[in-house]
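Enquirer: Note that the protein sequences, when read in sequence, are chains A and B.
Straight run, no breaks: the first sequence in the numbering used here ends on number 169.
Straight run, no breaks: the second sequence in the numbering used here ends on number 338.
Since the hints were made in silico from the structure, they are not lab data.
Incorrect hints may have been included.
[Said to hold, decoys possible] Calculated lysine-lysine pairs in the DSSO-like style (CA-CA distance at most 27 angstroms, straight line): (1) A/Lys160 <-> A/Lys136; (2) B/Lys305 <-> B/Lys329; (3) A/Lys46 <-> B/Lys215; (4) B/Lys305 <-> A/Lys136.
Note that this is a predicted model, so its numbers are computed, not measured.
There are 2 protein chains.
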Amino acid sequence: MSVEDLTVEPLTRAAFAPFGDVIETEGAQMRLINGGSTERFHDLAKVDIAGPDARVLVNIFVGQAFSPPITIEMLERHPFGSQAFYPLQARPFLAVVAPDENGVPGRPRAFLCRGDQGVNYGRNVWHHPLIALGEKSAFLVVDRGGAGDNLEEHFFAGGKFRIARLDPA
Amino acid sequence: MSVEDLTVEPLTRAAFAPFGDVIETEGAQMRLINGGSTERFHDLAKVDIAGPDARVLVNIFVGQAFSPPITIEMLERHPFGSQAFYPLQARPFLAVVAPDENGVPGRPRAFLCRGDQGVNYGRNVWHHPLIALGEKSAFLVVDRGGAGDNLEEHFFAGGKFRIARLDPA
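Looking at chain A on its own, in the form it has when it is part of the complex:
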């Protein structure tokens, strides 16, 4: 089985747009509220839930730390809901996503997210489960609860992918 190396890209709104939202203050619409004491960076992620008995969940995920080389053997997607991750200890993490090609993921792309950036995977967008870096890390996660099967997994049969180093190309 072949193993292809993935280069790591910095996370930007433009590069990540096909896969979902970058949750960050930079470049966001800001309103001063609370008599001027608070900056509100407004509406940073499209929370998109569907399917039977759908409701929005707020959760905390605590993920084991990965370190290179990181092998990407599978991706998953959620047909009934978007899923947002925001780091709670300001530590970087990896977001690995792929375009859909006739119902299966195409070649993955790996984004290095800074500790002051979150991501929101769009509904039905292929992505790897949480990849924390450095230390075991907590994330606030906004996703979907309800009935129905909201998880589809795809294991790469023909060839795996590998992230050998974290510094963006």
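Go by the hints and put chain B onto chain A.
Expert: Just chain B, lined up with the frame of chain A:
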């Protein structure tokens, strides 16, 4: 005008229950997911949105730091939606809430939230705008967008309240 001192209480699920949810891993339901690499602390806040064109928003609020003595002159509430706050730099903050008494807030209660605790104010629960402590701090905020007037403010006319010190009584 009188000024009454409020003592600060530690934030616990039990004490905060009349006002909303405490978002924390402690005491939460946990599931191992992602082949065991991630702990999912599940469904920690009731996201409760209503009114015309309601949708869930994810935002970042950056709040100026307050320091004692902190005067509580007003509270607000959101008739169409809950509002969750989670600190992004692991710094403590204050949650000041009050029971409703015939359409106006009763005597406020002040909760000291640890840097690994968030709060979700229930829909229509009286609360003070964001009170960051120590330094200017960022929070992930999950609240409601849509049409209609989602803000009601109440200014205390008869007497204000004051938080003179942060250590819980």
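Enquirer: It remains to establish, for every hint, whether it holds in the given structure.
Expert: Hints, verified against the model:
no.	hint	verdict
1	A/Lys160 <-> A/Lys136	25 angstroms, holds
2	B/Lys305 <-> B/Lys329	25 angstroms, holds
3	A/Lys46 <-> B/Lys215	18 angstroms, holds
4	B/Lys305 <-> A/Lys136	26 angstroms, holds
Going through the hint list in order, the structure satisfies each hint without exception.
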